[in-house]
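2 protein chains.
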Amino acid sequence: MNNPNELTVTIGGLERTLPTVRAGNLGRVPLVEFIGDSEFTNVAAQELVALIPAQTEVLLTVVTNALPLTHELSDRSGLPYVCARKKRRTYMQSPLIQEVPSMTLGVTETLWLDGPHAERLRGRRVAIVQDVIASGGTAQALARLVERAGGTVTGYLAAFRQGEPPMSVTVLQDLPRSL
Amino acid sequence: MNNPNELTVTIGGLERTLPTVRAGNLGRVPLVEFIGDSEFTNVAAQELVALIPAQTEVLLTVVTNALPLTHELSDRSGLPYVCARKKRRTYMQSPLIQEVPSMTLGVTETLWLDGPHAERLRGRRVAIVQDVIASGGTAQALARLVERAGGTVTGYLAAFRQGEPPMSVTVLQDLPRSL
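Protein chains in written order, with the UniProt record's numbering: chain A, 1 to 179; chain B, 1 to 179.
Because the hints were derived from the structure by calculation, they are not lab data. Accuracy of the hints is not assured; some may be wrong.
Copies of the same chain look alike in the list, so a pair counts if it works inside one copy or between any two.
[Claimed, not checked] SDA-like, lysine to any residue: derived pairs with alpha carbons at most 25 angstroms apart: (1) Lys86 to Val171; (2) Lys87 to Trp112; (3) Lys87 to Val43; (4) Lys87 to Glu15; (5) Lys87 to Thr10; (6) Lys87 to Asn25; (7) Lys86 to Gly13; (8) Lys86 to Gln55; (9) Lys87 to Leu18; (10) Lys86 to Arg120; (11) Lys87 to Leu172; (12) Lys87 to Arg148; (13) Lys87 to Gln173; (14) Lys87 to Arg28; (15) Lys86 to Ala50; (16) Lys86 to Thr20; (17) Lys87 to Ile11; (18) Lys87 to Glu99; (19) Lys86 to Pro166; (20) Lys87 to Val49; (21) Lys87 to Gly27; (22) Lys86 to Glu109; (23) Lys86 to Arg148; (24) Lys86 to Asn3; (25) Lys87 to Pro19; (26) Lys86 to Val169; (27) Lys87 to Asp174; (28) Lys86 to Thr152; (29) Lys86 to Leu179.
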């Protein structure tokens, strides 16, 4: 019998014991933490870089946990990246605003993509990068931002999948939905 | 006469033209963007890593723009890092909550440091890392979090200084306060 308070995963030979947190009706879910763990971030990026869809020209992610991972993927692939925010920043110019259709925990969110950043997606083939894809709601919202910016989505990449998102996702590992 | 809509800076031989944005009564201020620019992030980290105060055991930063930079500093120095958030996350356990005493633009903020992350600062010598230090309000709030967590501050590191913060800060470059 496993301890429901933690879950051990191995990526690229590096083992990490993830804490788990209560998530409403789901019970306990594992909490992936790339922030604060550059070694774990780096091995995940090293495994993911080979899986970036062919023809991809730009990576798109969203703050916050996937940010160090996407930085590393950009560094290793040589592809530039763009990052959507979860609130409006005062410096944004003509941002694209996109509601996230549904969230695992019933919390609605809005994504903001600064106008000059949206320009970097225009006419480009864009791969969407996340740390964890669960319901797929954020991934769908990011894909919609790509389309609205005039780009095309080459695919979805995530370190972990937790559940059954409606789109095809390339992941390193599946996490149990609850423990 | 310079163009007030941009400012060119050079770090480690790499030149970047920063956009400028209107910032209330300040006029136009340069906008440092590490997110989306892994090459610029990496040269800044390479220059900063040699400047980490002696005896430092842990780095502390705050989301969002400084996150890729701090990840790289951690990677290059081998020091772990901890990151404060700007809002409460549902998974946080007994977080430390710290008001930012004042902000350049008159916006008050609250920093949240998850309890298990605060534990990583206890008894440790901690350097505070930011992308830009301006009024120093966020730096002071981070320092207070270190003290409340039972750590001691070894110093303040930032890629850029923009203004005259009240503490001694090690920076790569001073930016003009307005253009």
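Hint check:
1. When the C-alpha separation of Lys86 and Val171 is checked against a cutoff of 25 angstroms, the pair qualifies only within one copy, where the shortest distance is 23 angstroms, while the shortest distance between copies is 29 angstroms.
2. For the homomeric pair Lys87 and Trp112, the shortest alpha-carbon distances inside one copy (6 angstroms) and between copies (17 angstroms) are both at most 25 angstroms.
3. For the identical chains of this complex, Lys87 and Val43 are neighbours neither inside a copy (30 angstroms) nor across copies (28 angstroms), given an alpha-carbon limit of 25 angstroms.
4. Taking the shortest alpha-carbon separations for Lys87 and Glu15, neither the intra-copy value of 34 angstroms nor the inter-copy value of 29 angstroms comes in at or below 25 angstroms.
5. Within a single copy, Lys87 and Thr10 get their C-alpha atoms no closer than 33 angstroms, and across copies no closer than 30 angstroms, so neither meets the 25 angstroms cut-off.
6. Within a single copy, Lys87 and Asn25 get their C-alpha atoms only as close as 27 angstroms, which misses the 25 angstroms cut-off; across copies the closest is 23 angstroms, which meets it.
7. Taking the shortest alpha-carbon separations for Lys86 and Gly13, neither the intra-copy value of 33 angstroms nor the inter-copy value of 33 angstroms comes in at or below 25 angstroms.
8. With identical chains, the CA atoms of Lys86 and Gln55 are never at most 25 angstroms apart, being 28 angstroms at best within one copy and 36 angstroms at best between copies.
9. In this assembly of identical chains, Lys87 and Leu18 lie within 25 angstroms of each other by CA distance solely across copies; the values are 22 angstroms between and 28 angstroms within a copy.
10. Taking the shortest Cα distances, Lys86 and Arg120 sit within 25 angstroms of each other inside one copy (19 angstroms), while across copies they are farther apart (27 angstroms).
11. Taking CA atoms no more than 25 angstroms apart as the test, Lys87 paired with Leu172 passes in neither setting, with 29 angstroms inside one copy and 29 angstroms between copies.
12. In this assembly of identical chains, the alpha carbons of Lys87 and Arg148 lie at most 25 angstroms apart only when taken from the same copy (18 angstroms versus 29 angstroms across copies).
13. For the identical chains of this complex, Lys87 and Gln173 are neighbours neither inside a copy (30 angstroms) nor across copies (29 angstroms), given an alpha-carbon limit of 25 angstroms.
14. For the homomeric pair Lys87 and Arg28, the shortest alpha-carbon distance between copies (22 angstroms) is at most 25 angstroms, but the shortest distance inside one copy (28 angstroms) is not.
15. Proximity of Lys86 to Ala50 under the C-alpha cut-off of 25 angstroms is found in neither arrangement, the shortest distances being 29 angstroms within a copy and 34 angstroms between copies.
16. In this homomeric assembly, Lys86 and Thr20 come within 25 angstroms of each other (Cα to Cα) both inside a single copy, at 24 angstroms, and across copies, at 22 angstroms.
17. With identical chains, the CA atoms of Lys87 and Ile11 are never at most 25 angstroms apart, being 32 angstroms at best within one copy and 30 angstroms at best between copies.
18. In this assembly of identical chains, Lys87 and Glu99 lie within 25 angstroms of each other by CA distance both inside one copy and across copies; the values are 11 angstroms within and 19 angstroms between.
19. Proximity of Lys86 and Pro166 under a CA criterion of 25 angstroms is satisfied intra-copy only: 22 angstroms inside one chain copy versus 31 angstroms between copies.
20. In this assembly of identical chains, the alpha carbons of Lys87 and Val49 never lie at most 25 angstroms apart, being 29 angstroms within a copy and 31 angstroms across copies at closest.
21. With identical chains, the CA atoms of Lys87 and Gly27 are at most 25 angstroms apart between copies only, with a shortest distance of 23 angstroms across copies and 29 angstroms within one.
22. In the homo-oligomer, the alpha carbons of Lys86 and Glu109 lie at most 25 angstroms apart both inside one protomer (7 angstroms) and across protomers (16 angstroms), since each shortest distance falls under that limit.
23. In this homomeric assembly, Lys86 and Arg148 come within 25 angstroms of each other (Cα to Cα) only inside a single copy, at 17 angstroms, whereas the closest approach across copies is 29 angstroms.
24. For a Cα distance limit of 25 angstroms, the shortest separation of Lys86 from Asn3 qualifies neither inside one copy, at 34 angstroms, nor across copies, at 31 angstroms.
25. For the identical chains of this complex, Lys87 and Pro19 are inter-copy neighbours only, at 20 angstroms across copies versus 27 angstroms inside a copy, given an alpha-carbon limit of 25 angstroms.
26. For the homomeric pair Lys86 and Val169, the shortest alpha-carbon distance inside one copy (22 angstroms) is at most 25 angstroms, but the shortest distance between copies (30 angstroms) is not.
27. In this assembly of identical chains, Lys87 and Asp174 lie within 25 angstroms of each other by CA distance neither inside one copy nor across copies; the values are 29 angstroms within and 28 angstroms between.
28. Taking the shortest alpha-carbon separations for Lys86 and Thr152, only the intra-copy value of 22 angstroms comes in at or below 25 angstroms, while the best inter-copy value is 32 angstroms.
29. In this assembly of identical chains, Lys86 and Leu179 lie within 25 angstroms of each other by CA distance neither inside one copy nor across copies; the values are 29 angstroms within and 29 angstroms between.
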